[in-house]
Amino acid sequence: MKLEYDLVIIGGGPAGLAVALEARRNAVKDILLLERDKYLGGILPQCIHNGFGLQYFKEELTGPEYAERFIAKLNDKQIDVKTETMVIKITPDKRIIAINRDDGLLHIQAKTIVLAMGCRERTREAIAIPGNRPAGIFTAGTAQRYINIEGYIPGREVVILGSGDIGMIMARRMTLEGARVKAVLEIMPFSTGLIRNRVQCLDDFNIPLKFNHTITRIRGGKRVEGVTVAQVDNSLQVIPETKEEISCDTILLSVGLIPENELTGEAGIKLDPVTRGPIVNENRETEMEGIFACGNVLHVHDLADFVTEEGEIVGRAVGEYLKRNIRFRSRSIKIVPGDNIAYVVPQHIDFLVPGRKKIKIFMRVKKPAENDRIVFRDGKGKMLVSYKKAIVTPGEMVSVYLPEILLEDRLKNITVSTEEEAKE
Amino acid sequence: MEGKEMICVSCPKGCRITVQNRGGEIISITGNDCPRGIKYAQEEFINPLRILPTTVKVIGGELPLVSVKTKKAIPKRLLLKAMAEIAEIEVKAPVKIGQVIKSDLLGTGVNLVATRNIKRADSNPTKF
Numbered sequence: 001m002k003l004e005y006d007l008v009i010i011g012g013g014p015a016g017l018a019v020a021l022e023a024r025r026n027a028v029k030d031i032l033l034l035e036r037d038k039y040l041g042g043i044l045p046q047c048i049h050n051g052f053g054l055q056y057f058k059e060e061l062t063g064p065e066y067a068e069r070f071i072a073k074l075n076d077k078q079i080d081v082k083t084e085t086m087v088i089k090i091t092p093d094k095r096i097i098a099i100n101r102d103d104g105l106l107h108i109q110a111k112t113i114v115l116a117m118g119c120r121e122r123t124r125e126a127i128a129i130p131g132n133r134p135a136g137i138f139t140a141g142t143a144q145r146y147i148n149i150e151g152y153i154p155g156r157e158v159v160i161l162g163s164g165d166i167g168m169i170m171a172r173r174m175t176l177e178g179a180r181v182k183a184v185l186e187i188m189p190f191s192t193g194l195i196r197n198r199v200q201c202l203d204d205f206n207i208p209l210k211f212n213h214t215i216t217r218i219r220g221g222k223r224v225e226g227v228t229v230a231q232v233d234n235s236l237q238v239i240p241e242t243k244e245e246i247s248c249d250t251i252l253l254s255v256g257l258i259p260e261n262e263l264t265g266e267a268g269i270k271l272d273p274v275t276r277g278p279i280v281n282e283n284r285e286t287e288m289e290g291i292f293a294c295g296n297v298l299h300v301h302d303l304a305d306f307v308t309e310e311g312e313i314v315g316r317a318v319g320e321y322l323k324r325n326i327r328f329r330s331r332s333i334k335i336v337p338g339d340n341i342a343y344v345v346p347q348h349i350d351f352l353v354p355g356r357k358k359i360k361i362f363m364r365v366k367k368p369a370e371n372d373r374i375v376f377r378d379g380k381g382k383m384l385v386s387y388k389k390a391i392v393t394p395g396e397m398v399s400v401y402l403p404e405i406l407l408e409d410r411l412k413n414i415t416v417s418t419e420e421e422a423k424e
Numbered sequence: 001m002e003g004k005e006m007i008c009v010s011c012p013k014g015c016r017i018t019v020q021n022r023g024g025e026i027i028s029i030t031g032n033d034c035p036r037g038i039k040y041a042q043e044e045f046i047n048p049l050r051i052l053p054t055t056v057k058v059i060g061g062e063l064p065l066v067s068v069k070t071k072k073a074i075p076k077r078l079l080l081k082a083m084a085e086i087a088e089i090e091v092k093a094p095v096k097i098g099q100v101i102k103s104d105l106l107g108t109g110v111n112l113v114a115t116r117n118i119k120r121a122d123s124n125p126t127k128f
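Here the protein sequences come in this chain order: A and B. According to my numbering, the residues represented by the first sequence are 1 to 424, in order. According to my numbering, the residues represented by the second sequence are 1 to 128, in order.
Simulated from the structure, these hints should not be mistaken for laboratory data. Being a predicted model, the structure only gives us computed values, none of them experimental. Among these hints, one or two may not hold up.
These stretches of chain B come out as covered by chain A in the derived footprint (C-beta under 8 Å, 3 or more residues) [said to hold, decoys possible]:
id, region
1, 14-26
2, 72-86
3, 99-110
Below, computed lysine to any residue pairings styled on SDA-like, alpha-carbon distance capped at 25 Å [what the hints assert, rightly or not]:
id, chain 1, residue 1, chain 2, residue 2
4, B, 57, A, 180
5, A, 182, B, 51
6, A, 210, A, 151
7, B, 57, A, 177
8, B, 72, A, 156
9, B, 76, A, 156
10, A, 367, B, 51
11, A, 360, B, 57
12, B, 76, A, 196
Glycine included, each C-beta is placed from N, C-alpha and C at the ideal position.
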């Protein structure tokens, strides 16, 4: 079998699929897509709800339909696909070690690698909830797979911790399947999920969403019997006199996602401590040449549509890289997160690209703000450009364009912040 | 006169809108910061509609379930009734994406369609 490729993509979810197709459109020939599950699509096949594709296809699709749009095209494009294949190591010289049942151990040599491994959910252990260790505690995504793919209902009386999108979507899903969702608890004073999910998943079914609340103890023997919940103060400390008991047999956790970067870290690729994904330039190339990253392995996205967009950036970048069609700036410009900005992607701008007018910069804010401006300033504090934003929230990624014309050779750093409208 | 509270989903701001009404007739809409809120509140008040995504049991498939959705949005008040009806349905593999699983669900005129492909199980269906 073939063991040398121009491009090897690790992960067959929305990111990896977009890379494969876009790389083909950019004349990349030898492509291998590796997926550890039985089928392509990543998390999409279990996300049976609608709301996908509004940005990319301008029509509303469910997760499986969104995935199928890409998978169907893959079949005509002569891209080698190996499912149930687990990558166990990548090296700086772009060798990939993978295993599967048919081929055993595979040593593959690539000219470029794209990391598209996605992310995984934080667990009870990650947030250290005290109490017993009974059965009945699931991450929301695990419960989603049981219900939507495997056909099991994980419980009947449910408390959900975290108001992220998956948590809210599972509140609706479990309610529709006959379970009773007693409460969704959110430790912050705001939801980290999309507003549409709050309305259509919780309010539609009168499921209470309690802000500034968390689980302080889990009770149960063999199975969960209940939780103690309490309100928290401004510094997220539990207010003891607000403690109350809620009986339940199931707890779902929707408490954040972590990019899955074990392979990346072991290869010695530098990670951003905030995104927990690799540090990348505007081509989404990591600090190891010819190794790119996109999708939730790079930073956690709100919408699959944005993951597709990022995969396509990488598909084009791989094409340019293999054609040696790249020119570096005299020096790289760092994009630094300033006031109220949690992180920025890309973290630096490295290339001179003829005809490029603007670069799309993605960021997440730390706190909600209204009628602020997103402001870019140079190292001396001089404003380069700013954009008015009626509303920014941590639950919705912000993207703005940085005009190419402003990227003078003298620039070393550009800081991006949110600033109150009145200041400017 | 009574007030119905709702959160507008037109943008991330999530304006809290109150629809003042008398016997189902809208008197006033307040709390919206932009015109999109008026349109949203009217639709949501008069006839809130939702697409229903769920699953249907598959016989002889590579997986035990196929994901489905109502092709168009159906009245929100029918969601639980629709779930009860859908629970009775079984479909034989193979299933093609877009295939009509149940036509005219609950007399709404809306079809229930498959949202993925399910192949026939060869010899061993996937066991979890």
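Do three or more residues of the region 99-110 of chain B come closer than 8 Å to chain A, measuring C-beta to C-beta? With 0 residues closer than 8 Å to chain A, the region 99-110 of chain B misses the three-residue bar; violated.
Between the alpha carbons of residue 210 (chain A) and residue 151 (chain A), is the straight-line distance 25 Å or under? violated (30 Å)
Residue 76 (chain B) and residue 156 (chain A): Cα distance at most 25 Å? OK: residue 76 (chain B) and residue 156 (chain A) at ~23 Å, within 25 Å.
Is residue 76 (chain B) close enough to residue 196 (chain A), meaning Cα to Cα at most 25 Å? Holds. Residue 76 (chain B) to residue 196 (chain A) sits at ~15 Å (cutoff 25 Å).
Checking one constraint from the list: CA of residue 57 (chain B) to CA of residue 177 (chain A), max 25 Å. Satisfied? holds (13 Å)
Keeping to a limit of 25 Å between CA atoms, is the pair of residue 182 (chain A) and residue 51 (chain B) held or broken? holds (24 Å)
With a cut-off of 25 Å on the C-alpha distance, tell me whether residue 72 (chain B) and residue 156 (chain A) pass. Roughly 29 Å between the alpha carbons, so the hint for residue 72 (chain B) and residue 156 (chain A) is violated.
Three-residue Cβ test at 8 Å for the coverage of the region 14-26 of chain B by chain A: violated (count 1)
Proposed proximity, residue 57 (chain B) with residue 360 (chain A) (alpha carbon, max 25 Å): Outside the cut-off at roughly 44 Å; violated.
Closer than 8 Å, Cβ to Cβ, for at least three residues: run that test on the region 72-86 of chain B against chain A and report holds or violated. holds (count 4)
If you draw a straight line from the CA of residue 57 (chain B) to the CA of residue 180 (chain A), is it 25 Å or shorter? holds (22 Å)
Run the distance test for residue 367 (chain A) versus residue 51 (chain B): straight-line Cα separation, threshold 25 Å. Answer violated: residue 367 (chain A) to residue 51 (chain B) is near 32 Å, above 25 Å.
When held up to the earlier numbered hints, the structure conflicts with 1, 3, 6, 8, 10 and 11 and fits the remainder.
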